[in-house]
Structures are given as structure tokens and as C-alpha cells.
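Undergrad: Fit chain B with the ligand to the given chain A structure using the hints.
Protein sequences, first through last, are from chains A and B.
Going by the numbering used here, the first residue of the first sequence is number 833, and it counts up by one from there.
Going by the numbering used here, the first residue of the second sequence is number 1054, and it counts up by one from there.
Hint data in this document are derived by calculation from the structure and do not stem from the laboratory.
Note that the Cβ used here is the ideal one computed from N, Cα and C, for glycine as well.
Worth double-checking, as some hints may not be accurate.
Claimed, not checked - Chain B is faced by these chain A residues, among others (derived, beta-carbon under 7 Å):
| id | residue |
| --- | --- |
| 1 | Tyr-950 |
| 2 | Arg-953 |
| 3 | Glu-1480 |
| 4 | Thr-1481 |
| 5 | Trp-1521 |
| 6 | Val-1525 |
| 7 | Asp-1528 |
| 8 | Met-1538 |
| 9 | Tyr-1540 |
| 10 | Ala-1541 |
| 11 | Ile-1545 |
| 12 | Glu-1605 |
The chain contents come next:
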Amino acid sequence: MARVLGTSIKRREDPALITGRGKYTDDLKAEGMAHAAIVRSPYAHARIRGIDTSGAEALPGVLAVLTARDVAAAGIPGVVPVGWLLPDLKTPAHPMIAADTVRHVGDAVAVVVAADRYLARDAAERVAVDYEPLDAVADVVAALEDDAPAVHEEAPGNVAFDWEIGERESVDAAFASAAHTVELDLRNNRLIPHAIEPRAVLASYDSSTGEMTIHMTSQNPHVHRLLMTLASLGMPEHKVRIVAPEVGGGFGSKIHHYADEAIVGLCSMKLDRPVKWTATRTETNLTDAHGRDHSTRCALALDADGRITGLRVDTAAAMGAYLSTFAPAVPTYLYGTLMSGQYDIPAIHCHVTGVFTHTTPVDAYRGAGRPEATYVVERLMHLAGEATGLGPVEVRRRNFVSPDAFPYQTQVALAYDSGNYGPAMDRALEMIGYDDLRSQQASRRDNGGKQIGIGFSSYIEACGLAPSAVVGSLGAQAGQWESADVRVHPTASVTVYTGSSSHGQGHETTFSQIVADRLGIEPEAVEVIHGDTDLVQFGMGTYGSRSAAVGGSAIARSVDKIIEKGKKIAAHLLEASADDLEYEDGNFRVAGSPDRSLGLGDVALQAYLAHNYPDDLEPGLSATSFYDPANFTYPFGTHVCVVEVDTETGSIELLRYAAVDDVGNVINPMIVDGQLHGGLAQGIGQALWENAVYDDSGQLVSGSLMDYAVPKIHNLIPFELDRTTTPCPHNPLGVKGVGEAGAIASPAAVVNAVVDALSPFGISHIDMPLTPEKVWRAVNS
Amino acid sequence: MYPAQFDYRRAGSVDEALSLLQENEDAKLMAGGHSLIPMMKLRLAQPPVVIDIGRLDELKGISEAGGSVRVGSLTTHADIAASDVLAAHCPVLAEAAGHIGDAQVRNRGTIGGNIAHADPGSDIPPVLVLLGASVHLQSPSGTRSVAAGDFFQDLLMTDVGEDEILTHVDAPALGAGTGAAYLKFEHPASGYAVVGAAAAVTVQGGRCTGAGLVVGGVSATPTTVDVSSLVGTDLSDDAIAAAASGLDAEDPIGDIFASGDYRVHVGKVYGKRALAAARDRA
Ligand SMILES: Cc1cc2nc3c(=O)[nH]c(=O)nc-3n(C[C@H](O)[C@H](O)[C@H](O)COP(=O)(O)OP(=O)(O)OC[C@H]3O[C@@H](n4cnc5c(N)ncnc54)[C@H](O)[C@@H]3O)c2cc1C
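Chain B with its partners taken away, still in its complex shape:
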């Protein structure tokens, strides 16, 4: 496990990181390094220059304002899992972050790196898509934001441009009457999600007024399941099972541990269980 030769640069600010990105062709940003370094050690990635943004405090932290939570891209999984702000306003994100890897991984890995890397077995992407979060990017030419649902494009491919840095994620806080849950079917070797189901339901006066289900691990990008049939129901187990069984993936991914068909099946089961858990929390 020896990476190829590379140069190491440490950025002191977002602006410096952006100009380093421009100056060095094929350079890679490094946040927690927990996806990048393994790729480099396997020589699957051989960037000539690594730009360390890990110490940019301006990109760290969690806050809430006006019904929306903001998470800086360099916030670690451990900080997200332990956040009081998220516990109060968006506990499902903290729940998912708590499922990532082990303590060491959570202490180093960041939300920005996690979604920029876009592994189909990552725990964060389906939750962000479920929440309708927006991902914020900065480049020398300005800033822009993109809906989480559009951000993930394919296996390990996202909307981050070569000259861009992911600065933060905004997600709407969960309102009263809304419950959400993230359920993970863990790969016994990698610890990533074989299937990760993120669900939310809103209940008012005993009736469902809104529901969402997004399943990770089944396809290259998070799969949104149409569970609108739940709106207006009392969220019975049967109604939930029927809604979750709508999970469909055209070209499900598979490996030696779990085939595509099986992932779709587990996605339905975990989708059902996540919806039921969300209902019980609403």
C-alpha cells in the first residue's frame, strides 16, 4: 500500500485552496483523507498534487437559522453525530453520520468529502436527498448551489467542478409532526451500507400529510421511492409496506456479497422498516 509520488500543499484559506486548484492540473483536495488516501494507496488515484484543506476552520461547524440547518463541508461525522443543533432540528442526519465506519473514521471523515466522493454505499447521500438539502459550491468565478437530488450524478461522480470547493450543505429543519429515520444494512467487510434507507413522514391529526423515502446502495446514486400513496392514510403497516415495495432500480449494483436483485429486495424491506420507524417518531 504505497501511493505514487505526489506533492503536498496545505491551503490556509478557501481562496488559497481555489487558486492552488487552478495552478495545479489534476490536483485533488483532501479533507479527512479517508476516501482519498485509500484510493491513492491502491494507486487507483495518482494525483500529482494533494491540496490539504483539512484545517480550514471557516468550513467547519453546524448552525441553525430560519428553519434551516447549515453544515460546513469540513464538519466531521463525529461532530455531526454528536450535534445538539441537529438533535433538535434534524436528528436523522446525525443518526446517519453515527452509522459511518468506526470512531476513527468518524473523527477524520467529513460530510463534504463523503458526498464529494459519492460512494454508492455512503450513508449521507440518501439522507440529504430525502431532506431536499442543497449543496453549496465555490469557485474563482463565484458561488452556486445545487439540489442534493441533482448533485449525485453517477458512481463516484458528482456535480463538483474541477475548480470548485464544496463549502457547506443546507437542509430544511424537520418541523413539528415530522419523524425521520435512517436504517442501515451494513456490509460485513467494508462497513459501508449495502442498503441504507432514509425515510420521513409528517403526521397531522392522525393522518399522513407528507412522506418520503430514499434508498442508498441499490443504484449508483440514491434512489427516490414514490411513497405519495401514504398521504392521507393513517400509515398502517400494510400501507407502508405497499408504498415501500414501489422501490425500483433499473440497473441495480451488485457485488460478491449482495446481488442487485437482493439489494432491491432488502431496499424494500428496509424502506418499510424505516418508514415505520419514522411514523413512530412523528
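Pulled out of the complex, with its shape left as it was, chain A reads as follows:
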């Protein structure tokens, strides 16, 4: 049989999705279903003096109007918890429904349930909330000022946490003796994830059984069930089933547990009937956790040869109004730990202040901490290339961790298991035609007019979240292993139950390839089940580029167990010793006796027809694994962006984008390329267009797609992709993960390219997004 691992078989998910037959949460209907509309604060900060629900209740067809009072009366915990703790983390309560204070525009203050969704909206407009507006602060730097309005009394100075990693003294020493130093103040712009499918939930409570089924847009149904039952609704976990039907993108925003889903659950419990809520696009923008929003001061010290001797980073990271599920982890353990980049840096210190602001909470968004870290390191490397005169290529090469130094222990906790950085850079230069481009650039500079620039980003990421012991010691409230139950049916077809829940990535295709390859069967003979807490044993879900490396490895382990079990059954049937059996291409063979063999089908059938088995052999052919990785995986690569800048208007045109990524072994090249394309679109979007803007009063002024620029296909160019392959040494598949690489690498590549184009104007930095006006002002200042 031809190998299926490493081949671009088409995504089995697509026929249903592209013909409109995919069933998303909002497509689902239930008998007696009612609709919820959530009343939200129009103020960033206000005291609630009173709420008059009578106008809404008076509308015929309105079934209930609930406020914080009803949450209290229900006797449930009623809060939205944070799932990751740091030392001295301030954890002010986040009530499901705000009781007396609202802390961001969009904070829930009441919910209306009505017979249809239009009526629910009409009624929501009639809920009269008496607000006393208070001063608000939306900006992460302003929130740290002495006289800033307080978001929570429990967090003086709006500080949620104060965290550091590395050694301050050795970094100070490195700077004191440096031959070159470069420094930079930068903003990492706040982003709104913008999954195409808005968040939605259909909660169906049945008082006769005390059971509730919740269909919802989830990247991790088991995690949602845990948080929903434990902290919000106070229901026994075994009475709640969470199902994620088709999920139309998440990018992190559907990891987190939100107030809205819990509110709808409460409505269903109160009314004893199914209740549905689907966020409008406006609500999506106001309530889906945002990403990034850092203000950072950073500096790099180098010796006379251009070798890095020290890196110093000080970041204020916005948390928003409340701590979202994984929020404290993102700017700390997924950020500070990445500061060594691809480089051998002897001294690093990173200090991060988590800051409450009167804004939508901030949490993991594609890349989560790693794009921010890459941006810091790679922007500094660009400046270092200039300051040392080595240029962007040589300064990087000179500092790459050398291929024989792996495993490489960084100064910021992570130990890189493998890597080989030079070849990815070489290949990128070759693809882009580097020397040619530099001479084109020189002639443009001589002639004036539109300028071209070349920008690099040599990134590293830690993904395959996560080795549980490591993340546990770092504050996670949960291990991050993954489970897989693989069942071989009597006819040798296979069903996989994975805890890694797909929301567009193509798990069903990829995972079927893993099983087919290992078992020597056709991928079509493998079904993949995910996203249902009643069907799947347990799972941590899909985020952090973990599905192949952790979820896939769990599947591989289970397949290996099945093969071992199959050998025992075959040995029994063939009257041989299990130790003498080999498994290849779907057949169990007795070593050295090629005629004594049984196909998987024979063995599977006999596994279920078992009637004369020895005592130590159980019937059945299935296996469950809970795979906990030994380390993170460390994809890396070099991206090169070429831009043309119209200095007369400040407009930027992308000319080329070449990416060489090393994601380890590749299961399905087409899917890997697709993940890169999507990540690149989002990273380039961050660099050039995307920006969540709040005004001083805390209003989100880029709250609609008329103002918030998500990249569209005509804004982008064909990407030039290639790979090097350094397999992960510690998982059974040698895979590393690719979901976030594009978003991690690209912002720095784009900004470096623009700054490179504008270096004749003395420009060394412009904050993202690089809108034409900002570029034009920089050129003219």
C-alpha cells in the first residue's frame, strides 16, 4: 500500500462545508426553543443604580428577563473563572452578569428570553438600565499612571500581576560592557480574532432528568464543561454534555469560557426549555477575547563581533476588564520564555506587568504570546543588523544556536530539543533572490520614487501544548496531555475518538492519515469523532498548535497498542509466539515464515468472535491513550517579506513573501500549507491593517468591519512556501505543529521590510498597524 503520511489527500471535511451542509450551532433547532438577547453596557465603566425590566417583560412573547439578582437567587457560583494562576495574581471576581459595576463596553447586565430572536432584541432595547458613568481607562500605559481610574478595588494601580523571568544582574552587566546596544519602544497592537462564525450556544435543560446538553462553538468541549459546571452553573459534571458541532474558526477565541454561554445555560435551566443565543458581529467584537495589546521597552546588547550578550524586555500587557481563561499565561509563560528566539543569548531578563483596563478581556489569539515575543526579538535583530553594520542576514547567522548545541537550554526556562536554523535562512535567501533584490533596492534609492524594502523574521515557537509537569509548575490549573481512543471494528474499519476538537483545521483528514499509515489501511476506513463530551473520553482541545503533536501522538500510541494486542491475538490464532510476530502493511506475520500470516481483518473479526482465548487474552481490539508530551515542540523558520512603499502617500504594497518553515514531519502538505496561508494572512493583517482602537472613554471605535480591517484576498499576494525538515525527537510522529507559525513570524518580517525601505529617511520604527497615514507622517517628519 502506498504511504499516506506526507501526501496531500483532499480534506474529507470539505464536501459538506462547501455545499452548505455543515451544521453549525446556529443551524440547530430544538423543540420549544426560545431565543436569548443579552443586554450589554454601553459604558466602559459605570455603576448600575437600577434596572427596570418591566418594559421588556410587558412585550407579548417575552418569557423571562434575568439580571444579576436572578443569578444570586439561583444559588449557583455564577462566576467566570480564570484557569491559570501566577504568583500573587489578583483574581477579582468576574460575575456572569454584572451586579453593581460594569467594567467594559459589552459587559452583560441582563438577558432577555423570547419566542423569537427579533422579539428578544426588541425587548432587550426596552430593558432600562440606570447607569452612573464613571471615569474609565482603556490604554494599557495610561492604566498604570498614578491617578488612573481603578478597574478593580482588589488590584491597586490596576496591576493584575508582576512577573519576571531570567536574571536582571547578568543582563545589566552585559549592557555595561556592550560594544553595541539597540533599543526600542513598541506597541503590539490589540487585535480582534474575527472567526467567521460568531460564538453561539444552544442550551437544552431537561428538569425531568436534571441533564443539560449544550451545543456551542467550542475549541475544547471538556474544558468548557469543567469550567461551566464548576464555576458558573454549579451543576454536576456528569449531567452536562457539551457538543461542538461544526465550528467556523476560533483562532483562540473559542477556547475561553465566557459569561454569555453560562448565561444562556442559566436561562435554559430557569425556563426548562432549550434556549439559543448567537452573537451578532458587534457582540463578537465586544465580547470575544481580544489578542496582544502590549506596550514594551526592549534592548539588545552585542559585543564588537556582533554576538548578542544580553536582552532586556519590559512589557505592560493588557488583561482587559477581567482575567479571561488563560489570560495570565499568554504574556508570561508563552512570551517571556520565547525571548531567546533562534539565538544563543547568554543573558536575558523579561519583566511583565499584567494590567487591568476598562476593555474587553485579552487572551490567547493565534500564536498567543509567541508573536509578541518574536516581534520583540526580530525587530531588535533588525536594528542590531544596522547598528553593527552586519546587516539583517549576517547578524542573525552569527547568533543562531549552532546545530550541534541541541538540546539547547535557554536562559528563559525552555530547552529546545532540536533545531537547525542556518538551512532555512539559506533557502529563504535563495528563493527570494536576495542579492538581486538588494541591487534593485539600491537603484530605487538612487532614482527616488517608490522604495523597496526587505524584511526578515527568523522565528522560533514553542508549541504542542504542553508537557503537563512543566506547565503545571508554571501555574496551569490543568495538565495539557491529550487522549485518543482507537477502536478497530470487526470488519477492520476504525473509529478514532480524539479529545482534540477540530474547528476548521482538518483533524478528520489528518488523523485518518495517521491511523491509516500506521495500520496499513485506507484512510477512508477510518472515522474520526471529536467535539462531544458524551462520546469522547476526555480532551484538552485544539489550540497552541497541539493537535498533531499531542492529539496525533495519542492516536499513534493507541494504534501501537492495538498492533501489540493484535499480535497476541494473531499469535493465538496462528499458534505462534507473539514475540515472533511482525506487523506490516495490514498483515500480522510470523517472522521467517511468510506463509503464516493473518490480515488485520481476520484478526479484528476474531477479536470480537473470541470464544477460545487463553485467560490472559481479552476480547476486543481497541486502545485508549493519554499522551503527555515530554517537552514542547519547537518549529522554526525564516520568513522574508519584500514591500514597495509609495513614499508620496505612505501606501505599502506587498511584492513577495517567502516562508521557509520547519514544522517537523508533515502529515498532509496541503493542510500544512493552508495553515501557513491563514496564519500569514493574520500576521500580515496585524502588521498592516488590524487594530482594535478604543477612545479615551473606553468606546471601541473599531467595533465593526467597516473600521476594523480584516485582510481580504485581494489585499494579499501568493505566498512562496518551502520547508526544511527537522523531526521532533520526542514524539512518535516527529511532528511539531503549524497552526500558528504564520501569525508568529510574519508581523516582524513585514515591519522590518517597511523600515528597511524607509531607512534612507532615518526611520527605524513605526508601530503596527503600518497604515499609510502613519508611514506618510514618518516619512515627512
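TA: Coordinates of chain B with the ligand only, in the frame set by chain A:
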């Protein structure tokens, strides 16, 4: 995105649409619905009655007669962009329509709806003002026409009366020796024009005999730039740049993407480039 309650009426003729307008206070006409429906979904518009005129074939179509082109108000942007008649007689209008939104928007949106809505970032208004087009309106009391330059009154405000329907637009065909161009600086989020520059020049015997420049996006309504200094010149780059730099807007509009000052600056640059493109086509 749920509109408030409204009644839907479909008109079978212009006359029926006019009487429905009279019978229903605060009713709104709906052509392609691509500006009206978004406003209703945001509840910025809450008309009690929507009168659908989208199927009135009598208001669709493009024709040319006696040196003038006529475009029915319900003609879609896609039809305008693809029109042979316009390609031959007034290609700049087709060029502008081709810049609108995406294929879906162009297939639904109409020229009448576009100019009646009068978004300052619309692509059609500056072109109509440049061309000296006339807008034709019908009411129960008769018909009238108004010059495009007077039609646009303010942000989202036009000369269409409450009881009127916009029936068609007439524009003079571009004569021999005349070149025109529309250049758009697109908003990355909305796709509307941050700045849209419409320019035309007429060249006879190597000399400019007429020139016009109208810039959209800078002010609430299209801004006409006095480029008469080009007449008599050979349309050198320098002369064009000097003429375009005459763009002036007292109270330029701005948003988080582009400030007023910046829009004026880009208007000058795009005005210059549009004039140069028009020259090269003349
Ligand atoms: C996603 C998107 C992108 C867009 N991008 C652009 C762009 O790049 N450039 C651009 O110029 N436009 C753009 N538009 C707007 C588009 O051109 C609309 O089609 C146009 O503005 C309105 O035309 P319509 O036929 O849809 O009008 P409708 O939405 O039906 O009506 C708009 C208004 O005009 C009135 N009206 C309509 N027809 C008549 C009539 N015959 N007589 C009197 N009043 C009438 C209506 O009552 C209403 O007030 C975009 C729209 C969308 C949704």
C-alpha cells in the same frame, strides 16, 4: 444584526411606488438594499415600511443618444462596469463602478441607490459631478432634473424629496480628444474610497482645451478642484501637479484610518495621478 419590525411592500410600477411612498409616512425605497439593509440591521434606520422597487425594469438599462448617455437608476454597478455603451461613450463611469465593493455588491447595488444614499466614500458621485451629469427625479406632481453638482448636499443628504423617485442619470458622452480616469484609494476595512479622484482632460493639437478634477472622500460631498490653469498648457507633469495641489477642503472628514489633513494630501496626490492618467488616455 436584527432589524426592527417593518412592513414590506413590493411596487409593480413607478406610479405604484410613488403612491406607496405617499401613503406610508417615513417609508423607505429599497433598490439593491446594499446600503439600506445594513443601516436597518444596525438599527440606524428603522423605517416602518420598506418599498421594494428592485424589480422595476423600466428603471434599468443604459443607452446613448445625441451625445448623451442615460443610465436607469436601477442599473447595477456590475452592468455599468460591463457596459459596451459606456465603454464606447463614457468609460470613466464604468471604471468607477468596477471599483465598487466586491462582485456581490456590484451585482446587487444600483447607481440610483448609490447616489441617493450619498456616502462620502462612494465611487460614483465624484464621477457624475466631473461629467456634469443630471439626475432625474419623478414625483406625483411631475418630473424634474438637477445637476449632479447640486444634487449632493451633505453627508448622506441629497436633493431627493420625500415623495420622489430617482429615475435615471444623464451624462454627456466624452468627445474625441477627451480622456478621463477614476483613481481610488481604498479603505482597507470598508472597501469604500478614502479618496477617489475623477479627472478628465481634453487635448486638441497637443494643447489642453478643457480639464476637470473632482475628488470624493475628502469632504461630505464631492470636492471640485479648479484646474483651469491647465487649459492652454501641454499638460506637463509639473503643470498637473500644480493644478491638483489646488484641492482645498474647509472641513475635511476624518476617521481612525485617515485624518482630514491626510485625506487632503492624498486627494492632491491622487488628483495629480488621475489627471496624468486622463492625459495619457486623451
Ligand atoms: C460590503 C459593501 C461594500 C460596498 N462598497 C462600496 C464601494 O466601494 N463604493 C461605493 O460607492 N459603494 C459601496 N457600497 C455601497 C453600494 O454601492 C450600494 O449598493 C449603494 O450605495 C446603494 O445602492 P442600493 O441599490 O443597494 O440602494 P439601497 O440600499 O436599496 O438604497 C439606498 C438608499 O437610497 C434610496 N434609494 C434607492 N433607490 C432609490 C431611487 N431610485 N430613488 C430614490 N431613492 C432611492 C433608498 O431609499 C435608501 O435610502 C458597498 C456596499 C456594501 C454592502
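Undergrad: Are there hints from earlier that the structure breaks, and if so, what are their numbers?
TA: Going through the list in order, the structure violates hints 7, 11 and respects the others.
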